[in-house]
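**Q** Full structure from sequences and hints, please.
Quick note: the sequence shown, position 6, residue 8 per our numbering, numbers continuous.
Please keep in mind that the hints were generated in silico from the structure rather than gathered at the bench.
Please note that a few of the clues may not be correct.
To be verified - Pairwise CB distance ranges, derived in the manner of DEER restraints:
id : residue 1 : residue 2 : range
1  : Val28     : Arg97     : 32 to 38 Å
2  : Arg38     : Glu128    : 15 to 21 Å
3  : Ala56     : Cys30     : 21 to 27 Å
4  : Glu99     : Ile131    : 38 to 44 Å
5  : Ala130    : Gln42     : 17 to 23 Å
6  : Val127    : Ser79     : 31 to 37 Å
7  : Asp35     : Arg61     : 36 to 42 Å
8  : Val23     : Arg91     : 35 to 41 Å
9  : Ala56     : Ala130    : 35 to 41 Å
10 : Gly113    : Val28     : 23 to 29 Å
Where is the CB? At the ideal position from N, CA and C, for every residue including glycine.
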Amino acid sequence: MISAHVSTSAPSPPPILDRPVLDTLVECLDRADLVRLLDQIAIELPALADQVRAASQDRDPTSLMHRAHKLAGLAASFGAAALAATADRIELTARAERREPCADMLANMTGAVGLALRAIAAWPVERAI
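**A** Laid out in structure tokens, this is it:
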């Protein structure tokens, strides 16, 4: 008889920053374009998070779903894995339950935005770009 070990522990949370995703940008862009792109992401991530919060406050599940989806996609494109996962959960909540996410999800999103922005800002220094 073969026995299988089934883990009952929760899966590991995604990293704040998936550096290989950002490393691919170095291969595709020159330094000036990369710096401009990172500056733009520092503006867009908080703005999208504000839009997610506004859609939640407006109790507009369709807008919430779309805004969270956009935030998740942008975050994933820049390696902000933890933020992307949080935004995905908000999107799925809006899609499945057609209600606003709980305050904990929005607080997690806010924290994840801050962590992602700090990690993205530190990344060029770490890479000596």
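**Q** A range of 23 to 29 Å was offered for this pair. Does it hold for the Cβ distance of glycine 113 and valine 28?
**A** 27 Å, holds
**Q** Mind checking the hinted window 31 to 37 Å against the Cβ distance between valine 127 and serine 79?
**A** 21 Å, violated
**Q** Between the beta carbons of aspartate 35 and arginine 61, is the distance compatible with 36 to 42 Å?
**A** 40 Å, holds
**Q** Does the beta carbon distance between valine 28 and arginine 97 stay inside 32 to 38 Å, or does it fall outside?
**A** At roughly 35 Å between Cβ atoms, arginine 97 and valine 28 fall inside 32 to 38 Å, so the hint holds.
**Q** If I claimed the Cβ atoms of valine 23 and arginine 91 lie 35 to 41 Å apart, would that claim hold in this structure?
**A** 20 Å, violated
**Q** Check the following: the C-beta atoms of alanine 56 and alanine 130 are separated by a distance inside 35 to 41 Å.
**A** Holds: the Cβ-Cβ distance is about 39 Å, inside 35 to 41 Å.
**Q** Is 38 to 44 Å respected by the C-beta to C-beta distance linking glutamate 99 and isoleucine 131?
**A** Taking Cβ atoms as reference, glutamate 99 and isoleucine 131 lie about 42 Å apart, which means the hint holds.
**Q** Note whether the CB distance of alanine 130 and glutamine 42 lies within 17 to 23 Å or breaks it.
**A** Holds, at about 21 Å.
**Q** Confirm or reject the claim that arginine 38 and glutamate 128 have a C-beta distance inside 15 to 21 Å.
**A** Once the Cβ atoms are compared, 19 Å apart, the range 15 to 21 Å for glutamate 128 and arginine 38 holds.
**Q** With 21 to 27 Å as the target window, see if alanine 56 and cysteine 30 comply at their CB atoms.
**A** 33 Å, violated
In the structure shown, a violation is registered for the earlier hints numbered 3, 6, 8, in ascending order.
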